[in-house]
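Trainee: All chains, please: the whole structure from these sequences, using the hints.
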Amino acid sequence: MTNRLFVSLDLPECIQEEVIKNRDKIYGDDSKIRWETKEKLHLTLKFLEDVEESRTKEIEDELKSISIKHSIIELSFSRFGIFYKERKPRILWIGLNDSLKLNQLQDEVERSMENLGFEREKRKFKSHITLLRIKGYEDLDRINKFGEYKLPEINFAATDISLMKSTLTHSGSIYTRLKSFKLI
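Residue 70 in numbering that gives the first Met the number 0 sits at position 71 of the sequence shown, and the numbers go up by one each step.
Any given hint might turn out to be false.
[Said to hold, decoys possible] Here are the computed lysine-lysine pairs in the DSBU-like style, where the Cα-Cα straight-line distance is at most 30 Å:
#1 K149 - K100
#2 K68 - K123
#3 K87 - K123
#4 K56 - K181
#5 K39 - K123
#6 K125 - K144
#7 K134 - K39
#8 K84 - K24
#9 K37 - K178
#10 K37 - K125
#11 K37 - K84
#12 K24 - K39
#13 K100 - K164
#14 K181 - K20
#15 K144 - K24
[As the list claims (entries may be wrong)] Quick list of simulated restraints, FRET-style, between CB atoms:
#16 E147 - R3: 32 to 40 Å
#17 K181 - S53: 22 to 30 Å
#18 S53 - D23: 36 to 44 Å
Rather than coming from a laboratory, the hints here were simulated on the basis of the structure. Positions of the beta carbon are idealized from the N, C-alpha and C atoms, including for glycine.
Mentor: So this is what it looks like as structure tokens:
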């Protein structure tokens with residue numbers, strides 16, 4: 000049996016709430032929009048795709064070994080942005096300011112997973128948190144307002160990385176934390 004797995008850097012709950020508060024300030028109320036839920040707000044360090052269940056332990060062991068070599072990371076948000084595919088907006092995100100420690104952690108996760116046989120990501124790492132997967136029925140004028148919004152300074156400490164499972168359903172994905180690892 001396989002599971003869709005990814006490695007994430009966890010956000011403190013108070014920061015998840017702050018992100019949602021700022022999002023709602025800009026977009027307002029719209030019941031047609033299926034925002035990512037508070038519990039799904041995270042920073043993906045590495046998407047592993049479909050992984051045989053029997054490999055979970057070796058991935059966990061590798062993440063544990065990585066976590067004890069990296070200290071807590073101080074982070075802050077930079078801006079909202081949109082990823083496009085074929086000139087159509089696809090993902091609304093909130094970005095993080097550059098962090099050498101975050102880049103080093105992500106690079107080590109990438110290299111370690113490559114050593115376990117997972118394909119290396121070809122795109123350059125862009126630290127962001129997905130807020131909305133744009134399906135085409137959203138009010139794009141309202142979404143474009145995110146680009147004009149000046150984020151207040153939001154600083155936080157990221158203290159954990161997690162191995163996550165993503166289960167796809169007809170109403171969206173469900174994330175389950177398989178195991179968390181404290182940064183030192």
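Trainee: Could you run down the list of hints and mark each one as holding or not?
Mentor: Verification of the hints:
| no. | hint | result |
| --- | --- | --- |
| 1 | K149 - K100 | holds, 25 Å |
| 2 | K68 - K123 | holds, 23 Å |
| 3 | K87 - K123 | holds, 21 Å |
| 4 | K56 - K181 | holds, 17 Å |
| 5 | K39 - K123 | holds, 23 Å |
| 6 | K125 - K144 | holds, 21 Å |
| 7 | K134 - K39 | holds, 18 Å |
| 8 | K84 - K24 | holds, 26 Å |
| 9 | K37 - K178 | holds, 19 Å |
| 10 | K37 - K125 | holds, 21 Å |
| 11 | K37 - K84 | holds, 25 Å |
| 12 | K24 - K39 | holds, 19 Å |
| 13 | K100 - K164 | holds, 25 Å |
| 14 | K181 - K20 | holds, 27 Å |
| 15 | K144 - K24 | holds, 11 Å |
| 16 | E147 - R3: 32 to 40 Å | holds, 35 Å |
| 17 | K181 - S53: 22 to 30 Å | holds, 26 Å |
| 18 | S53 - D23: 36 to 44 Å | holds, 43 Å |
In this structure, none of the earlier numbered hints is contradicted; all agree with it.
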